[in-house]
Structures are given as structure tokens and as C-alpha cells.
Amino acid sequence: MYVPSVTNPIGDYVREWVPQLVAYLPESLQGETTCSVIAFAINAIICIIAVCLVNIGSAPILIYMERKVCAHVQCRLGPMRLGWHGTIQTIADVLKMLFKEVYSPQGADKKLFYLAPLIVLIAPFMIAALIPFGHNLLVANVDMGIPLIIAVNGFGVLGILLGGWSSNNKYSLMGSLRSGAQMISYEISFALVLLFVVMVSGSTNLMEITNGQAGTVANWMIFKVPVLGFLAFIMFFIASTAEMNRAPFDIAEAEQELTGGYHTEYTGTPFAMFYLAEYIALVTNSALAVTCFLGGFHAPCIGFESVDQILLKVPGVIWFFAKVYFMIWCYMMVRWTFVRPRVDQLMSFEWKFMLPVNMLLLVGGAAYIALSI
Amino acid sequence: MSMTQLPPGFKITRETDSEEFFINMGPQHPSTHGALRLALRMDGETIVEVVPHFGYIHRGLEKQGESMTYLQYIPMTDRQDYLTAIQNNLGVVLAYEKGMNIGVPEKAEYIRVMLSELGRIASHLVFFGCFGGDLGGQTCLLFGFKEREMVHDILEEVTGSRLTTNFFRPGGSRFDVPENFIPRVKAFLDHLEGAMKDYERFLSKNVIALERSVGIGILSKEDAIAFGCSGPVLRASGVDFDVRRANPYSIYDQLDFEVPIAHNGDCHDRYNVRIAEIHESMKILRQCIEKFPKEGPYRSKEKPVKLNPGRYYSEIETAKGLYGTYVVAASGDKPYRIHTRGPSFPHIGVLNKMCQGGKISDLVVVMATLDPVIPEIDR
Amino acid sequence: MGIINFAPKILDPIPGGKYVVNAIDYVVNWARANSIWPLTYGTSCCAIEMMSSSMARYDIARFGSEVFRASPRQADLFILAGTITRRMAPAIQMLWEQMPGPKYVLAMGACTISGGPFVYDNYSVVRGAQNILPVDVFVPGCPPRPEALFHGLLTLREKILKETCRNPWHEGDTQDLSQLDRYREAAKAWAELEKIKDEEMAEARAKFKEENPDYKSSFKPVRVTKEAFPEIAREHEISLAEKSSKGLSKADMFKALKNKFASVTITGVTAETPEALAEAETAAVAALTADSVLEVRLNAEDYLAAVEFVKNDPAFKMDYLIDVTAIDYPDHFELITMLKSLEKKHQLFLCVPLAKDESIAAEKRATSILAKVPSVSHLYAAAEIKEREVYDMFGIKFEGHQDMRRIFLDPEFEGFPLRKDFTNPNMIKRPV
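Residue numbers (the numbering used here), protein chains in the order written: chain A, 1 to 373; chain B, 1 to 379; chain C, 1 to 432.
Okay, chain A solo, but in the shape it has when bound (with noise of 0.2 Å):
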């Protein structure tokens, strides 16, 4: 029997402690499948805890993070006043949500209603499992891992459409309209760029990609095709603020036009859940950049030994988050710097010049790889 095998730091200690553990059992029970399947189920238990901790711990960290780099943009403060420098503001806001009053409008879809954001945080709880975080940081390494994500991706549109048709209040199905539209079309912008890593890379699976960077900086795939990488890297950071539904691109809650688009109508604990996979979806899709682009866990090494060594002491989860938080403060200047494009010009941008430009860039990859060989 086949028994997927899942890494992680105490995995190895799982697995040698697991056939002491299965000695207990009645005989006809013991025997190595019973060891794979428990050591397995043990795992997955761990790297389940391990990702929601991720995600869930950091959103706060992230919406705290957003008001600060906000409020300096716009010349003030921020949060000032809860911990230092406002640090726990976040809490105190996820705390009075959770204590809200829920309820549905009338005439809304009720099930559905409240389905629609539990839907909608499926979709980067997934990602995040495939995401190589260190060496032997991983919950699941599939070989088809860049398919499944461009797969799973597309799943949140149908939770913002769902929320927006069953709230019954025209301007949330406006706004779910517009964002299906929007996240439909840059899907395929987003995949076509994942494809071009693939091609360059030569494989789908996320550890192989970010293996195929290591060594120096020049590795990194933004740096090792010449001039296409780094395209390839602004066309992936905009399809993927685009599919995030986030501003300059977040047409769909245009808080001027449609006073909060899809979510309009929710309150309290699922309304926190929008939030919530809003941020997830920042956290994941960032990692993916990194992880595509930036050389994932890989210490950013310049070719000098001596300097090199220093930067490899620190672990690889270090870099990583670190590269993370980086490409987060990148899309958070966006947001507070853009004006919203409009919901046609938008559409335009993608079917006119981001496809057009995604294929030349397929092709210029293509005769990268043939001139290379």
C-alpha cells in the first residue's frame, strides 16, 4: 500500500517512535503498513496545526502591519494606543468581531450565505500546504504542485460570487460580478506565468523549482533568464494583486462606488472571515513569489565565500519569511499609492496587453531554453 510521505522537522522522530507505539497492538494489527499510515496520520495532524498557525497567526500581524505602513504613507501614526506603538490593536479588533451579532438580510440565501467565506479561505489554506517554508519544511511535496495551485486558486472566486448572490443587495452582486470577471480573466495571465517558470525550470513541483535556485542570487529565477525573468516577476506580482482583489485592483469591493462590493452585507465572524482569507491570500501569494522567483528559502549568497557562510548560517525558514514580508510591504505600497482603475479598463489591460505580453514571454522562455542547451 502506497502511504504519501510528508516532511517535516519531527517527521523522522514521528516515524521512529511510531513501531515502539504499534508494538502495543494486537498482533494481527501490526506490520509496516499500520507504522506508515499512523506516522502519516501524525504528520498531517502536525502540519494541519502547523499551516492554520501560519495563516491564522499571521493575519493579525499582517492587518497591523497594513494600518502602520498605511499610516506612515499618509503622514500620521496609526494605531497608537493598545501595546506598544498600537502592536495589539489587531487582537482587540478580531476579539469585538467574534462577539458581533451575526445575522443574514432578509430575503438572502441563508445556506449559502453562510458557506460563501468558508469557501473562500479554502482556497489559500491549500496553497499554503504546498509551499516549501525551509529544507524539510514542506506538508506536501506533489510533483504537480504549480497545476494544483493554479488549480485551487480559482476556487475563491466562487465563494466571493456566493456571497455576493445570496446577500439579495444589488451593489454585493455588482461587486461579485466584477470580481468573478476580474479573477477569471488574470487566472489565466497568472497561470501562463507560472507556466513560464515551469518551462525554465523544467519542473512542477515546488521544491524542485525552488531547489533549481539555489547556489547565488544569480540563481534566482527573477535573475537567471535575463530581462524575462524580471518581466516575468512584475507580470506575476500584477496578476497576482489582481486575483487577491486587492487595490489598485480591488474593483470588486470599491469601497467609493459599491460602499464594500461582496461583502457589503456580512457581519461580525464571517465578515472577519473575508478578512481573514484576504490576507491569507496576501501571505500565500507572496510565497509563491518567493518561492517562484526569489529562490524560496535559498540565503540571498553573492559569490564572495566569507560572506556566503555568514548568510548561510541563518535558516532557510528565516530568509524565507523574511523574502515574504518583503514582497508584502511591496504589494501594501501599491495599494497606498494607486488610483482603481475602472471595472472595462481593467479588463482591458489583461485581454490586451498582459496575455499578449505573457505569450511573448512563453516564447522568449522557449528560445532561452533551446540557446541554453
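Hints listed in this document are in silico derivations from the structure and should not be mistaken for laboratory results. Predicted model only: the values in this text are computed from it and were never measured. Keep in mind that a hint or two might mislead.
DSSO-like cross-link-like pairs, simulated, lysine-lysine; straight-line CA separation at most 27 Å [what the hints assert, rightly or not]:
#, chain 1, residue 1, chain 2, residue 2
1, A, K170, B, K303
2, C, K317, B, K303
3, C, K317, B, K353
With the C-beta cut set under 7 Å, the calculated list includes, among others, these residues of chain A facing chain B [what the hints assert, rightly or not]:
#, residue
4, E187
5, F321
6, M333
7, R340
8, P341
9, Q345
10, S348
11, W351
12, K352
Derived DEER-like restraints, expressed as beta-carbon distance ranges [said to hold, decoys possible]:
#, chain 1, residue 1, chain 2, residue 2, range
13, B, N24, C, T282, 55 to 61 Å
14, C, F6, A, V37, 39 to 45 Å
15, C, F6, A, F326, 42 to 48 Å
16, C, D403, B, N24, 15 to 21 Å
17, C, E97, A, I45, 43 to 49 Å
All C-beta atoms in this analysis are idealised placements derived from N, C-alpha and C, irrespective of residue type, glycine included.
Place chains B and C on chain A using the hints.
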């Protein structure tokens, strides 16, 4: 959906197809700039017709004015267009002065012009902020308000109030300006000069902002005149009309300034005209600082409280446009009828014309560039 | 009612459970008090101060309240910024009802506390937000400074910290809008008391006079010294720039109109004979100062033709309608159409006296349309909304207008406010 009866106000009677629906925008909506309600008839994202519904902040100021003395009515004008309350004071006071037949000392005229130009700058800065904010750039909103606070510091020092100034009186003003008024204005102008450069870089050349505003909400010259638009909205459509120039009041005839005009009548032109007006106001302020008389009274000697019976009309150019005051004086110290012609009212009347065929996002931008203040419409 | 309100019911009977409930209370109140998200709502001047408070200078974000939600479903605090009118009141109640509990209301500014400057002689303003909603904190000022709003916010914070889930704070209900007129009753009762007091005082005075017939007051009025005011050396003369030479002079305008329409006169000029009248009129036109406007009076029959004439005549070219308004005199209305030529820079006001319809019974006069006049909305698009305003305020009907509805007031509103005979039960007379 076949409709035999449209909601009140909708005029286009065409064969409605099943795609059309109605949306109610306001009275509480982030981009209607106050308590205005817009009923939208939509075809998908495209606007077929806009019907504005007024009166959600109708406070009966004109009726109230009939039972107030002339001077008691001055603070009421603060509460009409609260973004440039100081200019509204000037408008009503000019009408009173015609009825009282008194002159104004030179220093008072300079105080009037300087404060009204500061008010104009403050209002246009709010426009800058709201325009950026309604486009989706929250940061612009903050930047616009940041410099506006400095104007309010000056206004507070002079008038004692941040927003509702209640400062001008027939024959002059309530108080003299403080000693450091001129240095403060000078410092503010020097600061604004640099700040405006940054801000213009923020919006004037931004590709997305240009995409959103160029060619959007075009108001033709003929329509602008026919619908009674005024101020920057009219000038952005290519009409050279500014009350300060056409029918000068106070000392505007002695000052050297340009009237910025644009010819396309779209949202970007209205934005450009307002930004250019900030620069013109700064020019006027600099001239006033040079000419400002150090000595002299700040108000006329006599302080009349009654108007001679008759009808008096004054018009001034506020930041929004033509602000007219029509006073019918009978015997006694209360007006028989007092009427205000606010500039924002016709601007909302033309909204339908400008938004037809646009997207709902365009409506938001058009609303921002019309820069209406709803209490001034409803009064 | 949130989920935690069930906590005391379950935990309190258990020994030691009340400490758990206390702990829950502490945590929940701490979260609620420190994360107050306001609703984006504002009607007038206070709204701009509310906006200022979230801007860079004052920065409401320091208290964690910068998350202004546009949708009431996600807001905790309803900052009532700006005057509440009777037309807006149902919308406000609806917004309040859409907010999930626990919800708080902060009344900002004098208008929302009591009606502020709009108490007297007003038919449309709600005198105090507490008449329509349960209010938690009042912030006085007209408008309050942002600092005052922060003080209100912190006061609300203290209030929230005292709550407990054992005794859930009753949110209260919206008030019945038909009960808005409690002030009127109070004012009536007050007036009664005043009357009694006046009578008693008069009696006492009469009694005192009887008892002390030769009493003389020793009161002397105090004369306040006039403030030292410097002599004005030179009155600044309003030297208006000469009117654009392209425009017609007032005399020319009057002459041209007089030739075309026989009924044209100058407001307020009367004479016995036609010759004397003509002379007086010319004198009146000549007496007009540079900064006043020519006001021409003409009959209602000539009104439409006159407007058409001045619009299309190449010498007049009045292409811009400033305003349409009216005045209510005891026996007639006067419709004033203010016209301007943007090109030639001259102005002309047309005053049309409109006789009131005498056939309507006296008791119905206040609520019925008393005069009719042809509409000019096909000539000037601007007239469309202006004429609706005159219709709304005076009850003058414009014939030929496409969309004659009330503009500022509810369709059900009775009476026409700017008429002198207008009465409304909601109006309180201004004490003189």
C-alpha cells in the same frame, strides 16, 4: 422586466429590456458627498439615467432667515457651503452693504480678499483629496486635508473658528487680524508651493488617474451655459466667466490674476482648472501681502443694522462658482425675504446629462469633479 | 444579543463560574472598547470635522477607529454628524437597525443634540437625535473640534468598559417618528407657565403700586463709554471696473424692452399719467448705481415672450439663467427670473406679479396652489430644478414644465413653507 410605470423622475421611455435595473445610491453613500440620493437606472454597469433626489438636508434656512435680524443671518451662511464658509459671509455682507449704503475701509477689503482666497485654497484642497479618494487612492484624501489644516490654523487665529467663521460684517469685519497674520500666510504660501508640486505629481500625470478622468463626463459648452453651471465647472467647458473678472467686487479689479480655462469639459479639465486656481489664489495672496496696509481701520465707523427698503442682489465667485444673495428689505431689522443662489444646485441638475452611457465608476468621478456641497443645495 | 450573553446563564450556576464570566466580561469589553469602527455617515458641517479627525493632523487611527466602514453591517459606532431633517430621519433609523449589536450612537454637534441653530421657525429639522434613536454620547459644538470628538470617543470607551454580559445593555428602540413633536408640547406647557407668571407679576406690580403710590425708582441707566475708534482717514471707494463695453447699458435695455412690451415698468415707480410715468421710469433707471441690477416688472402674459425675446435677441443675448425665485406679498406673488449674458456681461431681472387665485376657500388657501405661470424650462435647462424649487416653496405652478414635483420636501408635506401664511405644527416661534 416590462415596466408600465417608471419611478418618479425618470424620463427616458424606451423599451426596457430585462437587463435594466434600478439602484439607489444614498442618502448615506461614501461618494455622494453628503446626504444626496441618486436613483440610478442601470444596464449592467452602464448608467442609463440618473435622477437626483434632494432635500435630505433641507433645513429651511430661507424661512428661518425671515425671522432673524440681518446680522443673525450671517452665521447661517456658514452652514450652507461649509467648505468655504468665509466666502459665503462675504456674499451676504456685500448684499447688505448695498442696502446699508456704506463703504468699506481699505484694510478691511484686503482682509476680505485674503481670507476668501485662503478659503478658496482650502476648498480646492478638499476637492483634490476627494477626487483622489473617489478614484480609489485614499492617500490623496489625506494629503489634501493635510495642507487644508494649515489654512484652518490661519482662519482660526483670525476668526476664532475653524470652520464656521461668521467673520465679515457690513462695513468690514468682526475683528482686526492678529499681528502675525501676514507672516503666517507667507509661510503657508511658501510651504504650499512645494507641496503642490508633489501633489500634482501624484495625480496629474498618473496613468490610471488619466485613464479614469480624460474624456469622462464631458460637459459641452452649450450645456454648461444652459444648465446654469458656474465656477470651475463652467470654465473647464471653455466659457470665460468669473465674477471676479466680469463683475468685480471688493478689490479684485486692482489685482492681477489669470482666469484659468480649459476647453474639453471632461473630468481631467475640471481637475486642472481647480489646480490652476490654487496657483492663481496664491498669486493673489502674494500681491495682497505686498499691498497690505499696515495702518488703518478694519471696519467702517458706523455700524448699521438695518437695510433701506428695496431689493439688493450681490454675487461673488466662491470656490464652487457663482454665489448670489438676493435680499428683499422692508422696514425693520429683519429681511422680508432672503434668497441664496448656490452654485452646486445647477451642477447636480446637469449630472444626468454627464453620466448617461458611463459606468457607475464614472459617476463617482463626475460627482467628485462637480464638487457639490449638499447643504448649500438644500439650504 | 451576542453569543456571550448565554455565558452567564450556563456558567453562573456552576461553582466558580462567575469568575469565568467576569473574565469573559473583561476581555470582551476590552476588545469592544478599543476597537470602535464608525460608520461613514455625514450630512453637513460636522461631517467635514469628522473627516478632519481621521486625517493626518488629528489621526483618529491612534485610537484604532480609522476603519470607517461604508456598510452599516460592519460598523459599531454611528456618529451622527450633521443636522437631522425629518426627511432623513427614517433613513437614519434604518441605518441604525442595520447595524449589528452591540452598537453605539454618538451625537456630534449642536444640531443633533437639540436642533442647534435650527430650533426656531423651522419645519424640517428634528430637534435632537434622542428623539429618533437612543444616543450614548453627546459631543457639543457647532461644529465640535476633532479633539472634542476624540473626547466623546474616549467617553464612550469608558461607558463600554462598564458593561457586563450578565445584564446585557439594552440597545433601546428607535422612536416613533410621529412622536417627534414632544418639544411642541413642552413649549406649549412652558408658554402656559410663562403666562401665569406674567399675570402674577402684573398683579404683584399693581399691588405694589397701590401700596406705594409715591415710590420712585432710584435706577439709573449706565452709559457704556464708546470704544476708542480711530477716525477713518479715507473710505475706500468701490471703483468697479467699467462694465464690458459690449453690453447694453441699463437705460438701453429698459428702452428696448419698453418698446417691445407695453407692460414693462420699473419696480416701485408709479405716476398719474403715462408721460409722467415714462419720465419717472427713466429717472429711476438713471438713478441706478453701477453695482445694482436693472429690475423690470412686466405682466404674466408677456413673461414667456419677454424671456424668449431677451434670450434670442442679438443685442441682449441673455444665455444664462442665474436663478428663478419668488416673493410672497399679501395680495400677490412676485416671480423673479434672474438672467445674465455671459458674453455681454449684463444682467436683467424680470419681476412678474402673479395674482393669487381668490376662488379658493380661505381654509384651503394655505395648502393649495394659488398661481400659475408659463414655464421657461424649455428655454433654459437650468430652470427645470429652479422652478421645482419655487413650486415646492411657494405653490406656484409652472405650466409646460415636464416634471412638476416637490424637490426638497416630502410629497406628502402640506403647505408651502416660504409663504407668509404658512403654518406648521412643528414650528416654534422665535421669542423676540
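Results for each hint:
A hinted pair counts as satisfied when its Cα atoms are at most 27 Å apart, and K170 (chain A) with K303 (chain B) does not qualify at roughly 58 Å. With a C-alpha separation of about 40 Å, the suggested pair K317 (chain C) and K303 (chain B) falls outside the 27 Å cut-off, and the hint is violated. The straight-line distance between the Cα atoms of K317 (chain C) and K353 (chain B) is roughly 24 Å, inside the 27 Å bound, and the hint therefore holds. Hint status for E187 (chain A) relative to chain B: violated, with the closest Cβ pair at about 21 Å, above 7 Å.
At about 27 Å, the closest approach between the beta carbon of F321 (chain A) and any beta carbon in chain B exceeds 7 Å, and the interface hint on this residue is violated. Annotation: interface hint on M333 (chain A) violated; nearest CB of chain B at approximately 10 Å, more than 7 Å. Hint status for R340 (chain A) relative to chain B: holds, with the closest Cβ pair at about 3 Å, below 7 Å. Hint status for P341 (chain A): holds, given a least beta-carbon distance of 5 Å to chain B, under 7 Å.
Here the hint on Q345 (chain A) is kept, as its CB sits about 6 Å from the closest CB of chain B, short of 7 Å. For S348 (chain A), the interface hint is violated, since its Cβ never comes within 7 Å of a Cβ in chain B; the closest pair sits about 10 Å apart. With 7 Å as the threshold, the beta carbon of W351 (chain A) stays out of range of chain B, its nearest partner Cβ sitting at about 16 Å, so the hint is violated. Interface restraint check for K352 (chain A): the shortest CB-CB distance to chain B comes to about 13 Å, outside 7 Å, so the restraint is violated.
The hinted window of 55 to 61 Å between N24 (chain B) and T282 (chain C) holds, with their beta carbons roughly 57 Å apart. Here the CB-CB span from F6 (chain C) to V37 (chain A) is close to 41 Å, well matched to the stated 39 to 45 Å. Separation of F6 (chain C) from F326 (chain A) is about 45 Å and conforms to the stated range, judged on CB atoms against 42 to 48 Å. One distance hint, 15 to 21 Å for the beta-carbon pair D403 (chain C) and N24 (chain B), holds here, with the actual separation near 19 Å.
Our hint of 43 to 49 Å for E97 (chain C) and I45 (chain A) holds, since their Cβ atoms are close to 45 Å apart.
Of the hints listed earlier, those the structure fails to meet are numbers 1, 2, 4, 5, 6, 10, 11, 12, in rising order.
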